[in-house]
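Under my numbering, think of the first position of the sequence shown as 256, with each following residue one higher.
Keep in mind the hints are simulated off the structure, nothing from the lab.
Just so we're clear, the structure is a prediction, and the values are computed from it rather than from any experiment.
Treat the hints with caution; some may be incorrect.
To be verified - Taking lysine-lysine pairs in the DSSO-like style, the calculated list, with each CA pair at most 27 Å apart, reads: (1) K306 to K397; (2) K397 to K311; (3) K303 to K279; (4) K417 to K359; (5) K385 to K303; (6) K330 to K306; (7) K277 to K359; (8) K385 to K397; (9) K408 to K378.
Said to hold, decoys possible - Quick list of the computed label-pair ranges, beta carbon to beta carbon: (10) A335 to N400: 24 to 30 Å; (11) K296 to N426: 32 to 38 Å; (12) Q322 to G429: 33 to 39 Å; (13) D373 to F275: 20 to 26 Å; (14) E414 to G388: 24 to 30 Å; (15) K330 to T386: 25 to 31 Å; (16) T386 to Q325: 29 to 35 Å; (17) D289 to P332: 27 to 33 Å; (18) R389 to K330: 29 to 35 Å; (19) I428 to K385: 20 to 26 Å; (20) T386 to E278: 19 to 25 Å; (21) D394 to N360: 22 to 28 Å; (22) I428 to K296: 16 to 22 Å.
Think of the CB as a built atom: it goes at the ideal place given N, C-alpha and C, for glycine as much as any other residue.
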Amino acid sequence: MINIVLFGKPGAGKGTQAEFLKEKYNLTHLSTGDIFRFNIKNDTDLGKLAKTFMDKGDLVPDEVTIQMLQSEVDKNPDSAGFLFDGFPRTIAQAEALDAFLASKNQEITATVALEADDEILVKRLLERGKTSGRPDDQDEEKIRNRYQEYNEKTAPLMEYYKNQGKFHGVNGIGTIAEVTERLNLVFDNLK
Numbered sequence: 256m257i258n259i260v261l262f263g264k265p266g267a268g269k270g271t272q273a274e275f276l277k278e279k280y281n282l283t284h285l286s287t288g289d290i291f292r293f294n295i296k297n298d299t300d301l302g303k304l305a306k307t308f309m310d311k312g313d314l315v316p317d318e319v320t321i322q323m324l325q326s327e328v329d330k331n332p333d334s335a336g337f338l339f340d341g342f343p344r345t346i347a348q349a350e351a352l353d354a355f356l357a358s359k360n361q362e363i364t365a366t367v368a369l370e371a372d373d374e375i376l377v378k379r380l381l382e383r384g385k386t387s388g389r390p391d392d393q394d395e396e397k398i399r400n401r402y403q404e405y406n407e408k409t410a411p412l413m414e415y416y417k418n419q420g421k422f423h424g425v426n427g428i429g430t431i432a433e434v435t436e437r438l439n440l441v442f443d444n445l446k
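Given the sequences, and given the hints that come with them, work out the whole structure.
Right under this line is the structure:
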């Protein structure tokens, strides 16, 4: 079983790349953003709670995120592996994910970060916001707040996974095909 954590700031292309990676490597894609939106759309208790944070441009608290993610993993007991997109975002979440996977005799195989300049990503998100309808993609101040939170809370994860020998950085700027090829080189060397 292969379990990959896909990192990157909002707008770095995680969702786009995850679609290619899940098909090629037969992984179950677990996007916290998609999971949040599903729970919000279906007005679940966890969805209502997550929405209060997302509307302010804040990250959803660990306990809410972890409960949603565990539920999704449990729905896919026969999966060949998981592609975690947008999770973990903090050391506490990484430790909780490690413990959860260990309880299922699994572990994280590798973490891959799509790396890109903030200014390029802000422009991408503002463009996406014109068609996505997502309020957090339409306000530059909220976008920059998300990046500040990412830098403060998520960046330490790189060190956490580097210490385990599981971290791989990939240039996230270029055409979709170019970024996909860079990711494939990393994934192919994991097997």
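> Which hint numbers does the structure go against, in order from smallest to largest?
Replying inline: 3, 10, 14, 17, 18, 21 and 22
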